[in-house]
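Peer 1: Each chain, letter by letter, is given below.
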Amino acid sequence: MNGAQLRALLMLRWQLTRNQWRRGGEINAVITLIFYVAALGLAAVGGVAGVVLGFLVFAKMSPEANMAVWDVLVLTFLLAWAMGVLAELQRSELLDVSRLLHLPVSLRDVFLLNYLASHLSLSLALLLPLMLGLTVGLACGRGPAMGLLAPLVLGFFFMITAWTYCLRGWLAALMVNKRRRRTIIVGIMIVFMLLAQLPNLLMNLRLGRMANHPPANAAEIQAWITRRAEEQRQTLVAFDWVNRCLPLLWLPLGAKTLAEGRPWPALLGACGMIVLGAWGLARAYRGTLRFYQGGETQRPVAAPVAAPTPASKVDSGNTILVEWRLPAIPEEAAATALASFRSMSRAPEVKMALTTTVIMLMAVGSSMFLVRRAPGLRPDGGMSTVMQSLLPGGVVAMTFFGLAQLAFNYFGFDRNGFRAIVLLPAPRRYILLGKNLALLPVALAVFAVYLGLATALAGLGVSAVLTACLDFAAALLAMSVIGNFASILAPYRIAAGSLKPTKMKGLTMLLILASQLFFPLALLPVFVPAGLGILCDEMGWLPGTVVMPVCGVLLVGVSALFYGYTLEPLGRLLQCREQKILQTVTQEVE
Amino acid sequence: MLAVETNGLTRCFGAVRAVDGLDLRVEAGMFYGFLGPNGAGKSTTIKMLTGLLAPTRGSMRILDTDLSVPDAAREVKRRVGVVPEDLALFDNLTAREYLTFIGRMYLLPAATVRDRCQELLAMMELDREAKKITLEYSHGMKKKLALAAALLPNPDLLFLDEPFEGVDAVASRMLRDTLRQFVHRGTTVFLTSHVLEIVEKLCTDVGIIAQGKLVLQESMAEIGRTGTLEERFLAAVGNGQAEAQRLSWLEE
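In order, the protein sequence lines correspond to chains A and B.
Okay, so the first sequence: first residue is -11 according to our numbering, each after it adds one.
Okay, so the second sequence: first residue is 1357 according to our numbering, each after it adds one.
Simulated from the structure, these hints should not be mistaken for laboratory data.
Computed from a predicted structure; not experimentally measured.
The beta-carbon is built from N, C-alpha and C at its ideal position, and this holds for glycine as well.
You may find that some hints are simply not true.
[As the list claims (entries may be wrong)] Among chain B residues calculated to face chain A with C-beta under 7 Å, some are:
id, residue
1, F1369
2, V1425
3, P1426
4, A1444
5, F1446
6, N1448
7, L1449
8, T1456
9, R1460
10, L1464
11, M1479
12, R1602
[Said to hold, decoys possible] DSBU-like, lysine-lysine: derived pairs with alpha carbons at most 30 Å apart:
id, chain 1, residue 1, chain 2, residue 2
13, A, K568, A, K339
14, B, K1569, B, K1488
15, B, K1569, A, K568
16, B, K1557, B, K1569
17, A, K339, B, K1557
18, B, K1487, B, K1498
19, A, K339, B, K1569
20, B, K1488, A, K339
21, B, K1488, B, K1498
22, B, K1498, A, K568
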């Protein structure tokens, strides 16, 4: 690629970005600009802070403590980097290679250009200056030998970015099959969430085990202290071994050996990471060639010997889900509910949202129930009456926190399907009713899991379970009203197969932020039955176990009235705004 | 009765007038071909007539219903089938699920929905891939499914934006015959296409739009008396430009 071609490609990228900003509106452009300036400012501050901390604080610390500091930095970067990769699972390149293949441009040069551009990420922009600053600070405070950390840092970033690029290319090749792509996205999401929460779960289990067998006398306390000291020593040894075995942690290991005055392990580590990075980049390049030019290194495929299987034909005898009748529900609402539910049950973005909810529950639930000394629990490990009364509301709130993204943007997941809705003759209130009903089985399933766990672990009584069910019904109705309103006023397109909104306008971003911020307030009423139950119990007016379900019934009644009264006006609002919503949810961004 | 009537219909995108004071008259039962060069305003007109896009000004009536009255505009959709430019499919539904959904939304009896789905899927040859969701369809398959959905409610008026684009020859032939049958029993078909031969074979009447303005509206019989549709089209949209703009390096 010569200079003129490079300039043309960079100009193309700039024009695409500029047009994106122009389409997004002025507010959006200003917000993006503020974001970039803030990131640059933070990077500069991070670099300076690294120098100061390295010189004044970390230079005086032990080699082991130095390794721990670098471990924290490396893990922080890896977590932030992985989140970035997750958000852009599909290969997102500076320049779409497939659109340049017919031009007289070298694929290798475009590949390198794209690889270099993949470094433009917030996590890298913040942590690279910090780490380099820290290196400078340590070199000044501890001696110039610590300067050898610089090639380690650069080698680490080279290795990570090269293998990430390779992984993205591999995923892009796998995702050519659209159905497989959806499975991969959900699978990766689940693995990432589990990995991210694993330390939390393990820690909770450990704390739970410790708290379940507290030492009773002085001798037991002494034995416990000795055991803990031994455990800590073993942990440090294991920690050191993990750093030696994992190339990702060779940087902290190098920091430790340099602090001990041994430069060779650090130099070998730097060389090792550079070699690994080069290997990753070479694999990424071969993958790119294979992906765009097809089959260069593909294994030969054996000719099929069996007769082709007949294509699956429509079996009109079986009743499909979309054909079901729903009692007492208008035909249009039932059809919308069933089609939307069917669509949701196949959408990877919905599965990702639900998976996130369930894994968060595992983390929060384990914190609540495995650590038996949590506030509100009695010394014997049982749960206080107040906590038992509040738990139904908590279960309902947890259920709906996880569903907010789905419920506040009903039409953003439809994308081109929303055009069909606009073309339909159905009254718009039935469309809203159908969308709300479509969420019911999903919400009910999440709620059932939460309630089952709460009942099993906290021993909820019949009254609490009944109250939780009533609270759930009331919250569903209330959230449907808020969700309908938000979906009509601030819709945004969700890219297929991700939870990532497509380029939003500034006002929409603010509305979404406001709705997410104030959503907990809308869920406060679900705690009213519990509050009244506790009050009546404390004052000795009536038993709380009776008051709570009765209040729950009243709450459902009020919510149902509220829902019923708002459905028609919100339907009219949808009719008025459907063309604007259509424009938003069908607009793709290059 | 007029199936489609517009008066001064205008749509602006910023400073650009995509449709500029369009006055259309399409009688019920016509097979109407709406032609024009790229960017002339054909799809924008269909989007406005079907409620996908709001006009900047002007009035529209379809099947004797004023579209400025929201409830009436929604109610008349019961009698209209549409294949829009960018299609209107749900990514995660199969063809049968999508057609069933559409049929139910038009309040057709369950048995009718089931029978028509089966016939349409067979006709469009979509019944062989029952388990495929529309996300996995090719462009041609998506187009066929959108056509099936438009025909399903047996509408009185059909708006078809480039219905033959991306559809294979067999399906295209079948579709042409089906549309003729629809017109024969009184349905009005309002169709846009770039393929003049198809319009010439199918349509009874033609309207040509250029730069947002209606420049010609005649019956095919009248056009046939004075020449071919291609000649009239080129004359209406400015054949002179095409002849004048030659590539300089080919002249050397």
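Peer 1: Provide an ascending list of the numbers of those earlier hints which the structure does not satisfy.
Peer 2: Numbers 1, 2, 10, 11, 12, 14, 17, 19, in rising order.
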